[in-house]
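J.: One-letter residues, chain by chain:
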Amino acid sequence: MSSEMIEKLTNQEYKFGFQTDIESDVAPKGLSEDIVRLISERKNEPQFMLDFRLKAYRHWLKLTEPKWSKARYPKIDFQNIHYYAAPKTKVKLDSLDQVDPELLKTFEKLGIPLFEQKQLAGVAVDAIFDSVSVATTYKEKLLEAGVVFCPMSEAVEKYPEIVKKYLGSVVPFTDNYYAALNSAVFSDGSFVYIPKNTISPMELSSYFRINTEESGQFERTLIVCEENSYVSYLEGCTAPKFDTNQLHAAVVELVAMDNAEIKYSTVQNWYAGDPKTGKGGIYNFVTKRGKCAGKKSKISWTQIETGSAITWKYPSCLLIGEESVGEFYSVALTNHFQQADTGSKMIHIGPNTVSTIISKGISVGESENTYRGLVQINKSAKNARNFTQCDSMLVGHKSKANTLPYIIVKNASAKLEHEASTSKVSDDQLFYFRQRGIGVEDAMAAIISGFCKSVFDKLPTEFSVEANQLLSLKLENSVG
Amino acid sequence: MLTIHNLHAQIDENKILNGISLTVKPGEVHAIMGPNGSGKSTLAKVISGDSHYEVTDGEVTLEGKNILDMDPETRALSGIFLAFQYPVEIPGVNNAEFLRMAYNAKQKFQGKPEADPMQFDAILQSKLELVEMSPDFADRAVNFGFSGGEKKRNEILQMAVLNPKIAILDETDSGLDIDALRIVAEGVNQLRSPDNAIILITHYQRLLNFIQPDFVHVLANGQIVKSGDKSLALELEARGYDWLVSPVNG
Ligand SMILES: Nc1ncnc2c1ncn2[C@@H]1O[C@H](COP(=O)(O)OP(=O)(O)O)[C@@H](O)[C@H]1O
Ligand SMILES: [Mg+2]
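Top to bottom, those sequences are chains A and B.
When the letters of the first sequence are read in order and numbered with my numbering, they come out as residues 356 to 835.
When the letters of the second sequence are read in order and numbered with my numbering, they come out as residues 294 to 543.
Possibly wrong hints are sitting among the right ones.
As the list claims (entries may be wrong) - Within a straight-line C-alpha distance of at most 20 Å, the following computed EDC-like cross-link-like pairs (lysine to aspartate or glutamate) qualify:
1. A:417 / A:432
2. A:808 / B:390
3. A:779 / B:382
4. A:779 / B:343
5. A:808 / A:774
6. A:417 / A:406
7. B:401 / A:796
8. B:401 / A:797
9. B:358 / B:343
10. A:808 / B:382
11. A:813 / A:558
12. A:808 / B:432
By construction, these hints were calculated from the structure, which means they are not laboratory data.
Remember, it's a predicted structure, so these values are computed and weren't measured experimentally.
Excised from the complex, chain B in its bound form (with noise of 0.2 Å):
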């Protein structure tokens, strides 16, 4: 579904992906691991079209077609969703309406009828239960005056909403409590189907007892260091990261 071969990118002369390779099949969950700074971030965003940085070597392809050519708002009509780390705040542009936007450009995309705000609505109204969020969300401005853990669980709600045939979550889950939390793991698993995959980022393992994930990775100074299964997350919370990137490794 989504294969990444030999990916370099760098932002302002600062080499910071060195080789990345990766392939993600249908139905499969991938968790990507590792130390502040190793790049988790500037991979997702690279993958979602950031124009900040430069890809400098490397091919990343959607369903066979290379994707770095297209430009964002195609990247992501055409599957790919980005739960940003820090999702930044609108203000002005109401919550529903920006939901109905984005939906209505993928129906549209997709050759499919696009919803009114009253059909959209219903849509909203099923998903909002879902991350158990109140109401009230969908009037408020995008992300605005959110906590942080509002914010998370806003970026679910618009995954949700948006049924992507991948999602990349970037540490989605730090910051929340047990409860936010489980409400996240939630709206994963309601995605998960053989058809979707889920790149998740993270810093604990925690969130992966609620998540089976398929396989670990663990990147360092822009490449994948270690790949495993489940275990080896587990591993990483005993251990710590440094046995994979002294010098020798790295």
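For reference, chain A alone in the conformation it holds in the complex (with noise of 0.2 Å):
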């Protein structure tokens, strides 16, 4: 950002304020400091949070769009975007049949309980099953074993002390562009907490929370794990996910004390754009941290991305506690015009700290599917180990894979092991497929869960089966 928009930012009149309507519950585009203002006061945030916004939002005015990844597209417009609306209640539909059409075939291609296809597609279910009734067992069960699983905006409110003391902890605004972005304006998302010597009792699941509200293209996550406790978390569903907001910056925090382990589990398959020019799908630049603060703590990133049209992440693992494990498993497929840029970054600063990176990119069409990850080895990191795979398939002639992966030792005890795989789904092996009766759909989705059997292996069970048909459900048309 230039000098003079920084000036024209910071002088910008007291245009819109407090002073909004409040029958309107959408701020005016663009941002400012008042904008700033304005969400942390329509959230009735402590002071605390205010101040983190504000430092933020200062620092971020400082910062310049980053241009590194490989990912091209159009300017994105800051000042064009609505960074504050009231928390909606989804509209509720009567019935399935007022339900595009389109959006339910694809719910029975991935075999998703009609329960389920009524809550993704905002129907109002049956009494027994109704939402809210569920969502509160659920509470009610966490709640008996001690578990925290809120909006991060309850947090806030609620447990004012544990924000305080992590949010910005994993990931300082001063990170990065997005990061910084995101401190300022953060929506809301999830909160989990566990307690010291437990083991939450179910999966949690971003999806029971994002039912009731929606969290807005700057979502903020928090997750603390106490000594000797369990969380297994997942994000997002395989359902298409719409939205109209473009782009999106996430801020994901996780951390664990000693002996703790946090399982991150993330689906993410939203509009990707118009198949045939890549227009209007979702940009979606996230920062994912884990700090490994304690000794012998664990945490583990799984992701299967196939949605959005550009897709920058890096979930990363700090190994500060002695023995502390981060791993990152990862299946990213790209088609049509799609680009992804992802990997992950493992950096290692206690002793005999261990990572593992599993990362297998498919491009298909005309898309391009990077690899990008970094294994750094401090100085203090004696013993250290790493092993990092990176597989890529081409589907096509058009598509593109690229791996880069950057390695930094400063300790010589390391020890580092890399592979690398590149592979082409062959006419000849499809040929093979359909001497024996096996359509193409059906033997590309055969080959492609092969390919990715490692990763789809570190889902939660049920999640692995739906992840195996959405991907094949991604695949439909694109070859043959």
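From these two lone chains plus the hints, build me the complex, please.
T.: Rendered as structure tokens:
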């Protein structure tokens, strides 16, 4: 951003601010200090949160949009975005008949149960299965175990000390352009707190939360696992997600103390844009990082990335605690004009820390799929170990795959292994299937699912089946 | 059953098949012999629908139905099986799962119930015994890291599971030791019935000691230059192909 522009922004007149029409639930477009104040005020935030946001905002003004990724996209006009909208309850439809038939077809192919279909499409569900009651039962069960799982805005209100202590402790607002932006304007997200010696009695799924209210485009998630605790958290779902907001810049922070383990799984299937032109798809620029603060703590990221026009994300682990473990398992599928630039950063700080990176990139159509990863062994990280495996698969003749592994080793005792492969689904392989009576789509599904198996195996069981179906669905009509 | 009439095919403007006619009736075994590059594999692939090859003239019918307009999977489901000369490796895809997919595709096509993994395992075990393959093969990736002989036996295993109407074996005997040859031959003889037919593409007469053909054809320059009975194979063994592929005959 030019200094001229900064000036223009900071000198902006008090145009909208707090005098926005109370009835209207959307702030005017554009970002200014007033808008940041408005967000904080509307959310009834304590002073520390406002300070946090303002510091981030002022820092953001000094930054320029990063350009290092391989992604190509038109310039984003940050003054053309609404940064605040009051949380809306979704419009409820009366029955599935009112839902877009295309969407229903997709649900069916994914094998999503009827009850869930209704929830996803925003249809009011039968009395017994009312989403509110399901969510409530769910909440009660967690509460009994002492697990806190609530929207971030609620956490700011109810658990300000925890939020104050950890928010920004893993991803400081100074980290990058989008982290600064998110810190200034974040709307909502999930907050999870697992106290000492507690195993979360169930998988936590963001799906239950976002059903009641939308988190918007600047989502903020914080998960803290105290000593000897465990949680598995699932973000997203296989159902296609449409959103009018083109830019999504979420921040996810994880903190694991001694012997704690956090398993964070993501299935992302956002609108990828017009298959013929790539227009209108979502830009997904996310900062995800976990801090293995405690001894023998463990954080594992598993992601299935299939949507968005542009994806940029590098779930990372800071391995601070002695013998802590970081894992990254990823499947990224790009089709048509999608671009994905994704990978992981494993920063080894404590001794005897271990990390694993398994990345499977599948590029179809005219898409481009880049693995970008960093393994850094600091001087203090004696006997650190890393295993990295990056496999790319190309389908068709116009797709691209890139592998960009960066390695920094400052301690000679480190042991690093790196494997990489690129394969192509050959016509001969497809003909072999077809000669045995198996159609192209089933053949592709079998090949892809074999290719991704080691990552799918890391997903919660029901999800791994869905993920498999999702990939086949994404490949439909793209080969032959 | 299978009727080929005046079949011409080419790849990238290179004419490879130059008017092949062949009629195969149920219960028959036809051997096709001929020098390297004469078009034997091309014939097999054109029949099974490999889109690399362009058919420029002629007809191929299976039980009276024109198959040249069908996609490869429909031809396969209609009963055409090709044991490939060079079976391709498919890393990551489990052999048993692959076979079950193929089996179920066929069951579905015929309106019969599909087999779940347990039911299919029983079917598979008996066929594995038939080709003397250890059960480990079921759990390996399709042809991946298989030796040449193992790949060939895997083709026979698939044939045994799918029980095709017409099986085309493209040099399945090449590179096999005598034991493997016997196993392959037994697999083929098991399939042999009054309802099925077999086309054996081979270089060597030795396979024909195990599987008695009803007819032997010699392919040269994309044409059948001579047809006869089993004695023709013996004659070829003794005399080679030169007397058939001389310019006069070609
Ligand atoms: N993909 C191809 N491209 C070009 N020429 C080919 C291709 N496949 C086969 N041919 C040619 O077609 C002819 C017949 O090959 P093939 O059918 O494999 O013979 P055979 O199986 O009898 O040894 C050979 O001259 C071969 O070089
Ligand atoms: Mg050949």
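J.: Next, verify each hint and record whether it holds.
T.: Now the hints, each set against the structure:
Taking the CA atoms of residue 417 of chain A and residue 432 of chain A, the gap is near 16 Å; set against the 20 Å cutoff, the hint holds. Restraint check: the Cα-Cα separation between residue 808 of chain A and residue 390 of chain B comes to about 14 Å, which is no more than 20 Å; the hinted pair holds. For a cut-off of 20 Å, the pair hint linking residue 779 of chain A to residue 382 of chain B stands: about 12 Å separates their Cα positions. Pair hint residue 779 of chain A plus residue 343 of chain B holds up; C-alpha atoms about 19 Å apart against a cutoff of 20 Å.
Distance check on the hinted pair: residue 808 of chain A and residue 774 of chain A sit about 17 Å apart at the alpha-carbon level, within 20 Å; holds. Our distance criterion of 20 Å between C-alpha atoms is met by residue 417 of chain A and residue 406 of chain A, whose separation comes to about 17 Å. Distance hint between residue 401 of chain B and residue 796 of chain A is fulfilled; the C-alpha atoms sit about 16 Å from each other, no more than 20 Å. Distance restraint check for residue 401 of chain B and residue 797 of chain A: the Cα-Cα separation of roughly 14 Å lies within the 20 Å cut-off, and the hinted pair is therefore satisfied.
Among the hinted pairs, residue 358 of chain B with residue 343 of chain B is consistent with the structure: their alpha-carbon atoms are about 18 Å apart, no more than 20 Å. This hinted pair checks out: residue 808 of chain A and residue 382 of chain B have alpha carbons roughly 18 Å apart, not beyond 20 Å. A threshold of 20 Å between alpha carbons decides the hint, and for residue 813 of chain A with residue 558 of chain A the separation of about 14 Å falls inside it, so the pair holds. At roughly 14 Å between alpha-carbon atoms, residue 808 of chain A and residue 432 of chain B fall within 20 Å of each other, so this suggested pair holds.
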